[in-house]
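Let chain A serve as the given structure and place chain B on it in line with the hints.
Protein chains: 2
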Amino acid sequence: MVRTRTSARSKPAIKSRAKSAAGMQHAYAVILAGGSGTRFWPASRRRKPKQFLAVGSDERSLLRQAWERLDGVVPVERRIVVCAKAHARLVRAALPELRPTNLLLEPAARNTLPAVVLALRAIAARDPHAVACVLPSDHAIGSEDAFRASLHAALCHAQGDDALVVFGVPPDHPATGYGWIELGDATARLDGARFHKVARFVEKPPLALARRFFAGGRHAWNSGMFAFGVESFLAAVARHAPQVAAGIRAPRVSATSWRALPSISIDHGVMEHHDDVVVLPVEWSWNDVGAWPALAALVQADSAGNRASGRAKLVAEDARGNLVHADEDALVALVGVEDLVVVRSGRCLLVCRKDRAQDVRRIVERLASEAPEEA
Amino acid sequence: MVRTRTSARSKPAIKSRAKSAAGMQHAYAVILAGGSGTRFWPASRRRKPKQFLAVGSDERSLLRQAWERLDGVVPVERRIVVCAKAHARLVRAALPELRPTNLLLEPAARNTLPAVVLALRAIAARDPHAVACVLPSDHAIGSEDAFRASLHAALCHAQGDDALVVFGVPPDHPATGYGWIELGDATARLDGARFHKVARFVEKPPLALARRFFAGGRHAWNSGMFAFGVESFLAAVARHAPQVAAGIRAPRVSATSWRALPSISIDHGVMEHHDDVVVLPVEWSWNDVGAWPALAALVQADSAGNRASGRAKLVAEDARGNLVHADEDALVALVGVEDLVVVRSGRCLLVCRKDRAQDVRRIVERLASEAPEEA
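These protein sequence lines map, in sequence, to chains A and B.
Taking the numbering used here, I'd label the letters of the first sequence as residues 29 to 403.
Taking the numbering used here, I'd label the letters of the second sequence as residues 29 to 403.
Don't take each hint at face value.
Copies of the same chain look alike in the list, so a pair counts if it works inside one copy or between any two.
[Stated by the list, open to error] List time: in silico DMTMM-like cross-link candidates among lysine to aspartate or glutamate, alpha-carbon distance up to 20 Å:
| hint | residue 1 | residue 2 |
| --- | --- | --- |
| 1 | K341 | D387 |
| 2 | K341 | E393 |
| 3 | K382 | D367 |
| 4 | K382 | E366 |
| 5 | K341 | E398 |
| 6 | K382 | D346 |
| 7 | K76 | E356 |
| 8 | K341 | D304 |
| 9 | K225 | E345 |
| 10 | K225 | D295 |
| 11 | K76 | E401 |
| 12 | K341 | E402 |
| 13 | K341 | E401 |
| 14 | K341 | D357 |
| 15 | K382 | D173 |
| 16 | K382 | E345 |
| 17 | K232 | E96 |
| 18 | K341 | E87 |
| 19 | K225 | E125 |
Derived from the structure by calculation, the hints contain no laboratory data.
Quantities reported herein were computed from a predicted structural model and do not represent experimental measurements.
So here's chain A without its partners, still in its complex pose:
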């Protein structure tokens, strides 16, 4: 899907107060922890989705990493987490510092936009001048310091400007599975961060187009991370997704009303339709940890290209290019095998060819009927 933005307005300069540290007292964060999924079976399950896993070489869960990444930018009492009711206990265990009133529960999955609006209603009720960043809880980010600098710059931008900010990640290959953002004119520079108008969003382009984007150097990946003034964003929701705005008027919504909401993402519901969106191309590496092979970028390989994630200890004998993961201490011995993903979790074990990792969902589908307790 390609949407060209034709109505880019000219912008006033960023207000100077945005750069002062005192201005950050209105900064809030929304962590979206409502994800579910089957691509990380058997480590992730319906009862324990990806954001609760410690993958790669970090001993912290992805959710915990997302939480600590905010340290020094957004204080604990201004961090809101939205998750499925079924996962409230896991969130509380991962984030003991989370204020009980800052945990919002979704009665059912409705994609990201309703979750964000729910959180923003809670923030708006406390602080009419609030700015907020919206962050997924299941991505991995290379440099925390560089991330904090970007986050700080984007929140500052949001304090002085109505534009919605999306973080644009530098692409490292012509990905067809991501959303791409074409960078328009530069708009502002803040704390060394350069903001650009969004010329257009392109969701999951065909390979030929992705190759052009990648070669051209004027595109970034849509990271799914955003920053904006809360009132600015809620006004955009009222305009582009009125059903969501009307269905969530307060931080509390009945389960019945919630279920009546459309299931829609921030991108499809608001960003792609709004005319005042800027992109902040960032420097840090980003990994959406989409399936097991994505872990390869998060752990060092041995001399034969084998990688051990989580708590797996690897012993390889004439084995190459394999990725092993265990969520408890485990010794994984490989003999004569290549390009496999091997995962041990609880009483389940997965051995999968790397290029078939997408088919793990078929296993989960079969288990859902044959052995539902393992799905």
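For chain B alone, kept in the frame of chain A given last:
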């Protein structure tokens, strides 16, 4: 190694009492449970060798199967088990009916002949007319009824004849890793069992020779199972392995004397040198369970040739010819992989190409230095 027997004596007919059930009151069994080995890592360890594993589709350990295979032929009180000191507790747990005085402990591994002589000294002290069978504890046998019939016939033969009996297994391929026995003239028929003189033993023949043996139909595999009169065998030991006979004069031997014994097998120490050995070609299938791929013969394959052994439940998605084993309940999911051995045991996991199963020992060698608690 090829030894041709030149001194086959002519034999008297089997004494008629051998066929009576009353005659079986002198029948004893020696179960050799002293094996150790690394080819079944990680399920087997130094602390828990193969005979203590439940592999294939039988829920009983191989040792327990060997024990119960004697039911109806040799009563419990006449079964002797020889094992390493370190494994006494495992044996007692597997065989609660075993009389405490019938468990003999080896202070160190000295191959099979010293272990057998130790057991035979204990038997001879109780019953000067005893006959005994010697059975490994880590082989799998297809038909227990057919096995019992062979065992009964061989013990009867031993009661009436000084010849040492070896059970010869019908070969199903030209194996180069086994001992072969060339059948000589038929000597006796008992309970429908036909005994033959052993013309010669050939240990691990080259492939061309193994092919000739296999095609010729006059060879059997040496099963490592024997039956004989106890005094006959001890006399043969005194003659062919006098150091062993002299070193073990009673069922109790000091650790120092034991360690001074040569490490030697029944075959090399006695059978291959003795001139009065007969072979009983049997009908039952036999599997020495030499390494993981050998389990394939013990479990049914699914339509794609995948096999699950032990307590593994298998879910295969476009996977072929794999063998999975788990010694505790485990769900093993395979996606897009072929001809692998996958084993889960405790906190260890093995993924090995089937044709590389012999290299599992390399993993164990490395662990012995890097992580000795897992070897």
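Each hint, compared with the structure:
1. K341 to D387: between (25 Å within a copy, 19 Å between copies)
2. K341 to E393: between (30 Å within a copy, 16 Å between copies)
3. K382 to D367: For K382 and D367, both the intra-copy (6 Å) and inter-copy (16 Å) Cα distances are at most 20 Å.
4. K382 to E366: both (9 Å within a copy, 13 Å between copies)
5. K341 to E398: between (31 Å within a copy, 11 Å between copies)
6. K382 to D346: both (17 Å within a copy, 14 Å between copies)
7. K76 to E356: Intra 15 Å, inter 23 Å, cutoff 20 Å: intra-copy only.
8. K341 to D304: Classified as neither; 49 Å inside a copy, 55 Å across copies.
9. K225 to E345: neither (52 Å within a copy, 46 Å between copies)
10. K225 to D295: within (16 Å within a copy, 86 Å between copies)
11. K76 to E401: within (12 Å within a copy, 31 Å between copies)
12. K341 to E402: between (24 Å within a copy, 12 Å between copies)
13. K341 to E401: between (27 Å within a copy, 14 Å between copies)
14. K341 to D357: within (7 Å within a copy, 22 Å between copies)
15. K382 to D173: The answer is neither: 32 Å in one copy and 47 Å across copies each exceed 20 Å.
16. K382 to E345: Result: close both inside a copy and across copies, 19 Å intra and 14 Å inter.
17. K232 to E96: neither (30 Å within a copy, 64 Å between copies)
18. K341 to E87: So K341 and E87 pass the 20 Å test inside one copy only (14 Å; across, 30 Å).
19. K225 to E125: Classified as neither; 37 Å inside a copy, 83 Å across copies.
Hint check: violations occur at hints 8, 9, 15, 17, 19; the rest are consistent with the structure.
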